[in-house]
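Peer 1: Each chain is listed here by its residues.
2 protein chains.
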Amino acid sequence: MSRRRLLGTVGAAGAAGLALGAVGGATAYAAGRPDPATALTTLGAGSVPFHGVHQPGITTPAPARGHLIAFDLAPGSGRAESAALLRRWSDSARALMAGESAGPGDHTGIALDAGPSSLTVTFGFGRTFFDRTDLVRHRPAALDPLPAFSADQLDAGRSDGDLWIQIGSDDALVAFHALRTLQKDAGAAARVRWQMNGFNRSPGATARPMTSRNLMGQLDGTGNPKPSEPDFDQRIFVPATPATGTPATGTPAAAAPAWMAGGSYAVVRRIRMLLDDWEKLPLTQQERVIGRRKSDGAPLTGGTETTELDLERTGPDGELVIPANAHARISAPGANGGAAMLRRPFSFHDGIGPDGTPDAGLLFICWQADPLKGFVPVQRKLDRGDALSSFVRHEASGLFAVPGGAGKGEYVGQRLLES
Amino acid sequence: MSRRRLLGTVGAAGAAGLALGAVGGATAYAAGRPDPATALTTLGAGSVPFHGVHQPGITTPAPARGHLIAFDLAPGSGRAESAALLRRWSDSARALMAGESAGPGDHTGIALDAGPSSLTVTFGFGRTFFDRTDLVRHRPAALDPLPAFSADQLDAGRSDGDLWIQIGSDDALVAFHALRTLQKDAGAAARVRWQMNGFNRSPGATARPMTSRNLMGQLDGTGNPKPSEPDFDQRIFVPATPATGTPATGTPAAAAPAWMAGGSYAVVRRIRMLLDDWEKLPLTQQERVIGRRKSDGAPLTGGTETTELDLERTGPDGELVIPANAHARISAPGANGGAAMLRRPFSFHDGIGPDGTPDAGLLFICWQADPLKGFVPVQRKLDRGDALSSFVRHEASGLFAVPGGAGKGEYVGQRLLES
Numbered sequence: 005m006s007r008r009r010l011l012g013t014v015g016a017a018g019a020a021g022l023a024l025g026a027v028g029g030a031t032a033y034a035a036g037r038p039d040p041a042t043a044l045t046t047l048g049a050g051s052v053p054f055h056g057v058h059q060p061g062i063t064t065p066a067p068a069r070g071h072l073i074a075f076d077l078a079p080g081s082g083r084a085e086s087a088a089l090l091r092r093w094s095d096s097a098r099a100l101m102a103g104e105s106a107g108p109g110d111h112t113g114i115a116l117d118a119g120p121s122s123l124t125v126t127f128g129f130g131r132t133f134f135d136r137t138d139l140v141r142h143r144p145a146a147l148d149p150l151p152a153f154s155a156d157q158l159d160a161g162r163s164d165g166d167l168w169i170q171i172g173s174d175d176a177l178v179a180f181h182a183l184r185t186l187q188k189d190a191g192a193a194a195r196v197r198w199q200m201n202g203f204n205r206s207p208g209a210t211a212r213p214m215t216s217r218n219l220m221g222q223l224d225g226t227g228n229p230k231p232s233e234p235d236f237d238q239r240i241f242v243p244a245t246p247a248t249g250t251p252a253t254g255t256p257a258a259a260a261p262a263w264m265a266g267g268s269y270a271v272v273r274r275i276r277m278l279l280d281d282w283e284k285l286p287l288t289q290q291e292r293v294i295g296r297r298k299s300d301g302a303p304l305t306g307g308t309e310t311t312e313l314d315l316e317r318t319g320p321d322g323e324l325v326i327p328a329n330a331h332a333r334i335s336a337p338g339a340n341g342g343a344a345m346l347r348r349p350f351s352f353h354d355g356i357g358p359d360g361t362p363d364a365g366l367l368f369i370c371w372q373a374d375p376l377k378g379f380v381p382v383q384r385k386l387d388r389g390d391a392l393s394s395f396v397r398h399e400a401s402g403l404f405a406v407p408g409g410a411g412k413g414e415y416v417g418q419r420l421l422e423s
Numbered sequence: 005m006s007r008r009r010l011l012g013t014v015g016a017a018g019a020a021g022l023a024l025g026a027v028g029g030a031t032a033y034a035a036g037r038p039d040p041a042t043a044l045t046t047l048g049a050g051s052v053p054f055h056g057v058h059q060p061g062i063t064t065p066a067p068a069r070g071h072l073i074a075f076d077l078a079p080g081s082g083r084a085e086s087a088a089l090l091r092r093w094s095d096s097a098r099a100l101m102a103g104e105s106a107g108p109g110d111h112t113g114i115a116l117d118a119g120p121s122s123l124t125v126t127f128g129f130g131r132t133f134f135d136r137t138d139l140v141r142h143r144p145a146a147l148d149p150l151p152a153f154s155a156d157q158l159d160a161g162r163s164d165g166d167l168w169i170q171i172g173s174d175d176a177l178v179a180f181h182a183l184r185t186l187q188k189d190a191g192a193a194a195r196v197r198w199q200m201n202g203f204n205r206s207p208g209a210t211a212r213p214m215t216s217r218n219l220m221g222q223l224d225g226t227g228n229p230k231p232s233e234p235d236f237d238q239r240i241f242v243p244a245t246p247a248t249g250t251p252a253t254g255t256p257a258a259a260a261p262a263w264m265a266g267g268s269y270a271v272v273r274r275i276r277m278l279l280d281d282w283e284k285l286p287l288t289q290q291e292r293v294i295g296r297r298k299s300d301g302a303p304l305t306g307g308t309e310t311t312e313l314d315l316e317r318t319g320p321d322g323e324l325v326i327p328a329n330a331h332a333r334i335s336a337p338g339a340n341g342g343a344a345m346l347r348r349p350f351s352f353h354d355g356i357g358p359d360g361t362p363d364a365g366l367l368f369i370c371w372q373a374d375p376l377k378g379f380v381p382v383q384r385k386l387d388r389g390d391a392l393s394s395f396v397r398h399e400a401s402g403l404f405a406v407p408g409g410a411g412k413g414e415y416v417g418q419r420l421l422e423s
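Going line by line, the protein sequences match chains A and B.
Counting from 5, one number per residue, gives the positions in the first sequence under the working numbering.
Counting from 5, one number per residue, gives the positions in the second sequence under the working numbering.
Just chain A, with the same shape it has in the complex (with noise of 0.2 angstroms):
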């Protein structure tokens, strides 16, 4: 049974709700006006495009549900293993995220029925990849160990890995059936290091057209570069040829390896938030840890969410209306020499933890054209003194190197392998 042939009766309608995507369906819905190219109907036919500049899961909203899992070769898997575990996952993620079967391998039915529901495929190359198959010489000082951060107590076997996936869809038996046949096809090539499950708000359950939410109940991604602003871009992807000389701001780029060019790099982070702890705080506190409302993610010196916070402004005890350690303040783009990050993340939650806590919190994913640039000022200035680092703890970390989409015959990483 064609899983295409299915849905081929709504393709018109498929398309066009695609183009507007969840975020014009909530503007149809706090309009009160339903938009029938948003139809409930076209969630199972949204489709993300395999082949492009740029790998799919970056820039695509962020979907229901996600699953992130990592590999590290088996032994006697090299080069030659790894160029055609990377076409064999390349010719799967193409064909699921265009609703067709993933080959005669493929009966596991777990998808059967429904349309693409928006899945993304996303690839990346973990520093150890590059030992192992002796391709050292190609790998990127972008991917130089994160430092170690004070508050840091990471699990090592679900940190790092040679390879990456990060699998994202609107509809759970979606993404499920994309990370089983993904495992599938990995054969003898590879073994799973690590695996996590994540989610965020259905399309069409709020009213509020941008922002998510994580289960702090902040708002989260605010300070998001936008596609819009001139220098998203160059900030979240290496560009098509490697730049030369030195940037404006900061220390100089590492230069980017021609193969990343179009690619971006990934900071994985499992934080952990306490929750129990977080949720004693009267809200007027959670505020003041955050330096933001809770209700709409303004800043507590006033205005909306977009409102530039008023980092001087006193009150009338004359002390600072955002706190000195306040969250918001510290990651502010100003005080990190216009560090910029894409911030992507899933919320997890893996019911209750051996210590009776909720075993739940953050995926942070972050996307930057240059980490040294992005996560790591950013998260060495939080590690000083962030008033949020008492109710977060980071639990896993990785970091990969993501490179560009795939041209149509290509596969994702073949630049590199082929190189």
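If you're looking for bench data, these hints aren't it; they were derived computationally from the structure.
Some hints here could point you the wrong way.
For chains that are exact copies, the list does not tell them apart, and a pair is met inside one copy or across any two.
To be verified - Each computed EDC-like pair below joins lysine to aspartate or glutamate, with the alpha-carbon atoms no more than 16 angstroms apart:
id: 1; residue 1: Lys284; residue 2: Asp354
id: 2; residue 1: Lys385; residue 2: Asp138
id: 3; residue 1: Lys284; residue 2: Glu323
id: 4; residue 1: Lys385; residue 2: Asp281
id: 5; residue 1: Lys188; residue 2: Asp280
id: 6; residue 1: Lys284; residue 2: Asp110
id: 7; residue 1: Lys188; residue 2: Asp281
id: 8; residue 1: Lys412; residue 2: Asp281
id: 9; residue 1: Lys188; residue 2: Asp235
id: 10; residue 1: Lys188; residue 2: Asp110
id: 11; residue 1: Lys412; residue 2: Glu309
id: 12; residue 1: Lys188; residue 2: Asp314
id: 13; residue 1: Lys385; residue 2: Asp156
id: 14; residue 1: Lys385; residue 2: Glu323
id: 15; residue 1: Lys412; residue 2: Glu323
On the provided structure of chain A, position chain B as indicated by the hints.
Peer 2: Below, chain B alone, put in the same frame as chain A:
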């Protein structure tokens, strides 16, 4: 900020969407004509009434996200503390299901901006509850322990419990907010015993109007009794006036106590699927294990999903077309004295287990007026010779008395706790 006010502008669209629900949306999808009344934007606006003859979450369409949580009463908590707890829980459930705040202490903000997203909250009592509250004389015989099954590998720590709550919503953050709120409401009266998370297909992801799939790829729930059938209520719910005498089939039903009028019994099983083994089986063998085609759920003897099994038919080789140990044959109502239960499960996926295989499967939940005429006879037969049993493992089990719905001004369980 009032969540209700935020959503007020779309009240009419929301109410219209609710009447159709997920099934209506899928039908419109298949026809290629998105129905404005089921626009994506109504996902958040969907709401289920708290008050009624039955509790919500039984015949309500299966939600995209769910939480199960069981509590044990704390030492010192008896009938009075339980009554106060059920009142707190009922107050919170009613407010949250209406998209309102659960009160001044509800400041987590996790569900801010979102509509009720078809939230349902369902409360049940386990066998041990009656001992701890000195209410043994009111304990239904239907709560007698389930028989042991040979395939059980039950973890006591994740089984049973004094109190049980089922939470469902089409939005994961709305569901999580309800979970945290109800856990906080427990206060010092009860302690969490176990907690599990589940999911189903998102509304609109599929063109198939009726039956959902599980992680083995099978349509799941094909044999469910339909609300349109004349004996549906009698099979699923305890009658308003307890029946006397001997029913037409099976053993005499234990007389249900008056406080259970309009209630039902939930059997909850965490059924691990051995997916690595299952997925190695070729499709034709998987279909012989089940007795149905995977693609459309039709019996191997032909027709459509709703066609009766032809249990006697043999093939050219003289063998039964639906094998003697096929799951569909053994679990067929006709083979079990008309035993009927309403299955309303969630899938679960808790990452990778300690043995390296996926910790995934089915949070099986079935509803019936009498477990001895629903789950027990079917599971007894399956336990003796179901081909599927090689691919599943029952890891946890619970049986809960779920009283009828609360009337206005009443709390769930009041008729028991104030009897």
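Peer 1: For every hint, state whether the structure bears it out.
Peer 2: Here is how each hint holds up against the structure:
Proximity of lysine 284 to aspartate 354 under the C-alpha cut-off of 16 angstroms is found in neither arrangement, the shortest distances being 21 angstroms within a copy and 28 angstroms between copies. For a Cα distance limit of 16 angstroms, the shortest separation of lysine 385 from aspartate 138 qualifies neither inside one copy, at 36 angstroms, nor across copies, at 57 angstroms. For the homomeric pair lysine 284 and glutamate 323, neither the shortest alpha-carbon distance inside one copy (24 angstroms) nor that between copies (65 angstroms) is at most 16 angstroms. Neither within a single protomer nor between protomers do lysine 385 and aspartate 281 lie at most 16 angstroms apart by alpha-carbon distance, with minima of 23 angstroms and 48 angstroms respectively.
When the C-alpha separation of lysine 188 and aspartate 280 is checked against a cutoff of 16 angstroms, the pair qualifies only between copies, where the shortest distance is 9 angstroms, while the shortest distance within a copy is 39 angstroms. With identical chains, the CA atoms of lysine 284 and aspartate 110 are at most 16 angstroms apart between copies only, with a shortest distance of 11 angstroms across copies and 48 angstroms within one. Proximity of lysine 188 and aspartate 281 under a CA criterion of 16 angstroms is satisfied inter-copy only: 12 angstroms between copies versus 41 angstroms inside one chain copy. Taking CA atoms no more than 16 angstroms apart as the test, lysine 412 paired with aspartate 281 passes in neither setting, with 51 angstroms inside one copy and 35 angstroms between copies.
For a Cα distance limit of 16 angstroms, the shortest separation of lysine 188 from aspartate 235 qualifies neither inside one copy, at 40 angstroms, nor across copies, at 45 angstroms. For the homomeric pair lysine 188 and aspartate 110, the shortest alpha-carbon distance inside one copy (9 angstroms) is at most 16 angstroms, but the shortest distance between copies (44 angstroms) is not. In this assembly of identical chains, the alpha carbons of lysine 412 and glutamate 309 never lie at most 16 angstroms apart, being 41 angstroms within a copy and 40 angstroms across copies at closest. For a Cα distance limit of 16 angstroms, the shortest separation of lysine 188 from aspartate 314 qualifies neither inside one copy, at 52 angstroms, nor across copies, at 36 angstroms.
In this homomeric assembly, lysine 385 and aspartate 156 come within 16 angstroms of each other (Cα to Cα) only inside a single copy, at 14 angstroms, whereas the closest approach across copies is 52 angstroms. In this homomeric assembly, lysine 385 and glutamate 323 never come within 16 angstroms of each other (Cα to Cα): the closest approach is 21 angstroms inside a single copy and 72 angstroms across copies. Within a single copy, lysine 412 and glutamate 323 get their C-alpha atoms no closer than 59 angstroms, and across copies no closer than 49 angstroms, so neither meets the 16 angstroms cut-off.
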